[in-house]
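Note that the protein sequences, when read in sequence, are chains E and D.
All residue numbers for the first sequence refer to our numbering, where the first residue is 1 and numbers rise by one.
All residue numbers for the second sequence refer to our numbering, where the first residue is 1001 and numbers rise by one.
Bear in mind the hints are in silico, worked out from the structure with no lab data behind them.
The beta-carbon is built from N, C-alpha and C at its ideal position, and this holds for glycine as well.
Check before you lean on any hint, since a few could be wrong.
[As the list claims (entries may be wrong)] Pulled a few chain E residues facing chain D out of the computed Cβ check, cut under 10 Å:
1. 65
2. 78
3. 211
There are 2 protein chains.
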Amino acid sequence: MASTPHEHHTSPPNLSFAIILLPGYQWLDVAGPIDYLNNHSQAKLRAINSDPALVAKAPILTWYYVASTLDPISASSGPKQTPTHTFATCPHVDYVFMPGNEIPYAVPPEFTEFVQTRFADPKVRFLTVCTGSLLLAPTGILNHLRVASNKRGLKFLAQSGQLDHKVHWVGDRRWVKDGKVWSAAGITSGIDLAAEFARVYFDKDVVEDAKEIAEEVPKPDTPDPYAWILKGIDLGYGDHHPHKK
Amino acid sequence: MASTPHEHHTSPPNLSFAIILLPGYQWLDVAGPIDYLNNHSQAKLRAINSDPALVAKAPILTWYYVASTLDPISASSGPKQTPTHTFATCPHVDYVFMPGNEIPYAVPPEFTEFVQTRFADPKVRFLTVCTGSLLLAPTGILNHLRVASNKRGLKFLAQSGQLDHKVHWVGDRRWVKDGKVWSAAGITSGIDLAAEFARVYFDKDVVEDAKEIAEEVPKPDTPDPYAWILKGIDLGYGDHHPHKK
């Protein structure tokens, strides 16, 4: 499915996100895209005394941080962090955001239920960074979609015969959009995913402003400077491999 | 002062960092460089089952998160975070890490005392990202050093006559090292600063491994794609401006 630039272009967009915090999650997978997107928000632009005309065009963004309990959790690095909601109490959101973790990783049953329930709602979309997609795959929501992931993670699972072939893994893109799922490759490509999300959905003056604040030059999906990691590795696509039809 | 690549090359390096968490700090200023550096650490490489020979060459990295009190604080975005130490209880560290915040920002007196006391120790060095350097400048520790900062922040202070001219502000580099201070420009350039720090101090195989895990291509200090922000802006250097001598 091609991306549809105007689907969220209410004026301005008002979007809420549930960010899943599994213990040990890769800190930069979350802080990169979320803080980058947050720099586009009305709240942030107002806080730094931006031109009111720019603020008015900026999106209203709401972040929920969701875990099994409200106990503080540790990420890969960083101080302990306190979730705002549990899987059971998280309000309706427009997007679910899934960061990576070490693999293999034993997810709790409430994670699987949350992901499957939210995905079943046709209005809810997903963003995932790094090995987040490898943790989502067993829930079945990625079946038959083109999805990026951390390339070292994909290589390890492919070589050890553990790769889920119902997912159409993409090994040569920093980010991919297919259907309701935006996915990024390894860690820092999550910032590029966020920049592309902003380019598609937010006002272009706001997007340029956010780039200047962060002094960021977002990378395109391709050429992917780390595609070489998966050269010669068979990602397979089972019966869904386009070259097998 | 030129950088001295071997000054920390014990085998392996064992480095501790005090990361200053002022309320409202820019989340990505910290999570970017710290989580990027943490991917080089023995603890991380061991957690992802890396080759023991690689782990043995990796640095031992310790992070302390320091604030005025141990109360959870909010960053620019992200969940609430709990400091591990106060300015009064933070142990000896090798590096103090200073992220940015909105400017102007009223720092607490214990911040100024902590910064000045640690800087007075000849063995303690500093890393700063984005407007962190603008918050450090009033403490005097940056006087006469070449220092980078967020370019929009530099422009605002220069135009409003508030820029500290005892600091030699550098407006056309993503990162700068001078004396005991490593400084980065706007937000995402902090990851480039971390990558340069790693290149200088850590084993090269470990550095290449961390790049692959993060799928990161670090940017050089120059050319700086956002140098244009400061074109025509007089950063002044007071009596220390090299072109005034």
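Legend entry - Ascending list of hint numbers which this structure does not respect: Violated hints: none; all satisfied.
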